[in-house]
Amino acid sequence: MFFTRFLMAPRAPAPDRYTRKQKIFELSKYFGYRRKNCYSLAVRSVHKALQYSTHSKIKKKRYMRKMWILRLSAASREHGLKYHHFMQNLNKCNILIDRKILGQLAIYEPKTFKSLVEVARQRQQEGLLAAISPQHKVQGVFSRVTEQY
Amino acid sequence: MASRAAQQWGTFARVWYLLDANQQPPGRIAAMVSPILQGKHKPIYHPLSDVGDHVVIINTRKIAFSGEKWDRKIYYHHTGYPRGFSATKAKDVHLIDPTKIVHKAIYGMLPKTLTRRTMMQRLHLIPGQTIPEDIKANIVEQIVAPREIPKPLDQYTEEELENFPKLWHPVEDPDLR
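Residue numbers (the numbering used here), protein chains in the order written: chain A, -7 to 141; chain B, 666 to 842.
Derived by calculation from the structure, the hints in this document are not laboratory data. Treat the hints with caution; some may be incorrect.
[What the hints assert, rightly or not] The calculated lysine to aspartate or glutamate pairs, modelled on EDC-like cross-linking and capped at a C-alpha distance of 20 Å, are: (1) B/K705 / B/E806; (2) A/K49 / A/E70; (3) A/K40 / A/E70; (4) B/K705 / A/E70; (5) A/K58 / B/D715; (6) A/K58 / A/E70.
[As the list claims (entries may be wrong)] Looking from chain A toward chain B, a few residues come up when the C-beta cut is under 10 Å (computed): (7) M59; (8) L62; (9) R63; (10) S65; (11) E70; (12) A98; (13) I99; (14) P102; (15) F105; (16) R136.
[Said to hold, decoys possible] Partial selection, computed: residues in chain A whose CB lies under 8 Å from chain B: (17) A66; (18) A67; (19) G72; (20) R91.
Quick reminder that beta carbons are idealized off the backbone N, C-alpha and C, glycines included.
Kindly produce the complete structure, drawing on both the sequences and the hints.
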């Protein structure tokens, strides 16, 4: 039986004016001036605030990644490598640590981060050597082709 | 387990840098100094946490604009009152206040937020060579200036002048005279 609605009790009464307005005032408690007390102003502010909240949930991921990249750029430059060289060569070595964890390593485990920068630098040097002198077939440790699964 | 207190002190300490602006272009100085004032050279950077460092710039009187900027570059200002508009050339601004050009360059390169003024308070501009004692006591490291100062001819030794590669050798030919 699909339409079970008709078997249920009659429809609950619609909320009264006080209850309807309280739904908005609960969300506008921390606003300033009359926007927290007066319904006409509060309802507009609350709708805008909810829009900002949904958009920010999407944009937060972008802002966090930008912040991680800024921090990694600073951290790798401390060791003499630029961010894009660092990430590119780390990827070439199949080190897939993400930017969030790399940033945390740079802050809390500086020696670990330094060793990662050294790996990237060594891979960069091997790549440059291979590009400059292909006929010598320089076999580097980090640039040896590995199986990817 | 050893304490991480020393590491924490080292990470969060506010450092004082020195920069010599002798014969340096003010724009390139500003591009170098503004990330340091913001704290963007640190892995703990966040725009809301105040992690910028101090920078002391000496010899701002000796800055060197390239090209004809001393005559062509004009600083505009309006006081907000009627007839309050002024257009001053860079050379005149520099004569009135030898630190103003560097100050304006750095102020324009910082982010236009409320923290900009705080960052500018951490910038110390000295027109000459003498640094006040209390600032001198704080300075930790010197930043390498952006432009390599070319050596004037009279500072080359005779050996260097002789060994310098020549494009052509002057020929003693009596017929040419």
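A quick look at each hint next to the structure:
In summary, the hint linking B/K705 to B/E806 is supported, as the alpha carbons are separated by about 17 Å, within the 20 Å threshold. For a cut-off of 20 Å, the pair hint linking A/K49 to A/E70 is broken: about 33 Å separates their Cα positions. Restraint check for A/K40 and A/E70: the C-alpha separation of about 43 Å exceeds 20 Å, so the hint is violated. Restraint check for B/K705 and A/E70: satisfied, since their Cα atoms lie roughly 11 Å apart, inside the 20 Å limit.
Between the alpha carbons of A/K58 and B/D715 the distance comes to roughly 19 Å, so the proposed pair stays at or under 20 Å and holds. Proximity of A/K58 to A/E70 is assessed by CA-CA distance (about 19 Å); at most 20 Å being required, the pair is judged to hold. Because the closest C-beta pair between A/M59 and chain B is about 7 Å apart, less than 10 Å, the hint holds. Because the beta carbon of A/L62 sits about 6 Å from the nearest beta carbon in chain B, less than 10 Å, this interface hint is met.
Satisfaction of the interface hint for A/R63 is found here, the shortest Cβ-Cβ separation to chain B being roughly 5 Å, below the 10 Å cut-off. Of the supplied interface hints, the one on A/S65 holds, with its beta-carbon coming within about 8 Å of a beta-carbon of chain B, less than 10 Å. A hinted interface residue such as A/E70 counts as satisfied when its beta carbon comes closer than 10 Å to some beta carbon of chain B; here the least separation is about 7 Å, so the hint holds. A hinted interface residue such as A/A98 counts as satisfied when its beta carbon comes closer than 10 Å to some beta carbon of chain B; here the least separation is about 4 Å, so the hint holds.
A least Cβ separation of about 5 Å between A/I99 and chain B falls short of the 10 Å threshold, and the interface hint therefore holds. A hinted interface residue such as A/P102 counts as satisfied when its beta carbon comes closer than 10 Å to some beta carbon of chain B; here the least separation is about 8 Å, so the hint holds. Satisfaction of the interface hint for A/F105 is found here, the shortest Cβ-Cβ separation to chain B being roughly 8 Å, below the 10 Å cut-off. At about 31 Å, the closest approach between the beta carbon of A/R136 and any beta carbon in chain B exceeds 10 Å, and the interface hint on this residue is violated.
Hint on A/A66 holds. Least Cβ distance to chain B is approximately 5 Å, under the 8 Å limit. With a cut of 8 Å, the hint placing A/A67 at the interface with chain B holds, because the nearest CB-to-CB distance is about 4 Å. Violation of the interface hint for A/G72 is found here, the shortest Cβ-Cβ separation to chain B being roughly 13 Å, above the 8 Å cut-off. Taken as an interface hint, A/R91 does not check out: its beta carbon lies about 12 Å from the nearest beta carbon of chain B, beyond 8 Å.
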